[in-house]
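**Student:** Residue strings, one per chain:
Number of protein chains: 2
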Amino acid sequence: MKVKEMMDKNFVFVSPEDTIVDVSIRLENAKRFTTPVVDNEMKLIGWITTFDITKGFRENKKLIKEVMSPKDDIKYLHENDPARLAVIETSKSRLVSIPVLDENDAVKGVIRAFEIVDTLSSLYEVKVSKLYEAMHKQLKGVTWDELMDAAAIVTTRVTGKKTKAKDYEERIKNSTFGEAIWTTGGLESFFVGLIAVGELVIARKVGKARK
Amino acid sequence: MKVKEMMDKNFVFVSPEDTIVDVSIRLENAKRFTTPVVDNEMKLIGWITTFDITKGFRENKKLIKEVMSPKDDIKYLHENDPARLAVIETSKSRLVSIPVLDENDAVKGVIRAFEIVDTLSSLYEVKVSKLYEAMHKQLKGVTWDELMDAAAIVTTRVTGKKTKAKDYEERIKNSTFGEAIWTTGGLESFFVGLIAVGELVIARKVGKARK
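From first to last, the protein sequence lines are chains D and R.
In terms of the working numbering, the first sequence has 180 at position 180, counting the first letter as 1, and numbering is strictly consecutive.
In terms of the working numbering, the second sequence has 1127 at position 127, counting the first letter as 1, and numbering is strictly consecutive.
To be clear, the hints were calculated from the coordinates, so they are not data collected in a lab.
The reader is advised that the hints may include incorrect statements.
[To be verified] List of simulated lysine-lysine pairs, DSS-like, C-alpha gap at most 27 Å:
hint	chain 1	residue 1	chain 2	residue 2
1	R	K1140	D	K31
2	R	K1127	R	K1162
3	D	K62	R	K1055
4	D	K92	R	K1061
5	R	K1061	D	K61
6	R	K1092	R	K1061
7	D	K127	R	K1162
8	R	K1164	R	K1092
9	D	K92	D	K137
10	D	K208	R	K1140
11	R	K1208	R	K1162
12	R	K1043	R	K1031
13	D	K137	R	K1208
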């Protein structure tokens, strides 16, 4: 996944000659705390946050160019950068948004923290049943019922609570990968549970084949 | 994981009697676009964004209480809510931050979008080798070399590119779960690959035991 697949292309941008008053109204209406400052060719020349605006109001400044941060002081990404870079920069530099440039330094989009939350959380929202369906498809010769039986046995063993295959099947229809990770205590633990199910179901399959 | 484990406890808060000028300086210094408004008992009574501040400056307002949003218009969470709720609210309502209350409606912390990015991305940063180590621990009687051999065989089969066990081992030391998901095309595909490795290694173990 690249930065350009994650960025917002309908972003607000302003000119260095715009007034602080006008930009304050535009940012309020668009609910944007930050915005890129661009020249006539859409090239990035600066960055404005609402902090620059409030400071400008107090100090009686008039134009955006008087209060903006210059390009050199800004974090930015290129549209073909891996999306992972946007995640790392947001987390490390605690940014609300990052401008995205093309090869000519023209602004093509903005990545905001909640777009990252959207992307990351969509992974969390994958249903656990989808993972079992993928497992079922991979493990040829194993039926869905055999898989659920094995999962119920492993769950009973790990939790100490008697779990039936039907109840397990019902549970994974509604539970997400994110919940499962938090419930089992981390990605590795969740994953070990699934491997244990795979191991058991394969052992049973081999056992059947021998008979 | 609960909201209280994810929230920032060192948050900025303001009083309804504070002046807009003072609060604008505090928010600029702390780099906070939003802040809760609390009474003397730390109870949440309103919310301020820098949009309220810029509008207040334009309209010559003086005090926070003249420009704040009342509590009824604010999204908030309780400290014992599941952390997942914070993720969903941030993503759905496109919020930069959400105040967190205790059972007496006192503000105990603030959850901001980049805290969520931090938490979610820590999952992405788990090394793929950690997952193989978990798998190795679970699959008793299978050596690490046998596991890497199986992984190299499955990778060769899936990608069509001859992959050696040693090269595969080197690669997973540096690659993360997040990268692996994006490379393989999603959580299910990544997972199917691992199950295929598990299946192969178990089949080989059973084959060996029969000899």
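**Student:** For each hint, tell me whether it holds in the structure or not.
**Tutor:** Going down the list of hints, with the structure as the test:
no.: 1; hint: R:K1140 to D:K31; verdict: violated (56 Å)
no.: 2; hint: R:K1127 to R:K1162; verdict: holds (23 Å)
no.: 3; hint: D:K62 to R:K1055; verdict: holds (16 Å)
no.: 4; hint: D:K92 to R:K1061; verdict: violated (36 Å)
no.: 5; hint: R:K1061 to D:K61; verdict: holds (18 Å)
no.: 6; hint: R:K1092 to R:K1061; verdict: violated (32 Å)
no.: 7; hint: D:K127 to R:K1162; verdict: violated (33 Å)
no.: 8; hint: R:K1164 to R:K1092; verdict: violated (45 Å)
no.: 9; hint: D:K92 to D:K137; verdict: violated (39 Å)
no.: 10; hint: D:K208 to R:K1140; verdict: holds (21 Å)
no.: 11; hint: R:K1208 to R:K1162; verdict: holds (25 Å)
no.: 12; hint: R:K1043 to R:K1031; verdict: holds (23 Å)
no.: 13; hint: D:K137 to R:K1208; verdict: holds (26 Å)
Of the numbered hints listed earlier, those contradicted by the structure are 1, 4, 6, 7, 8 and 9.
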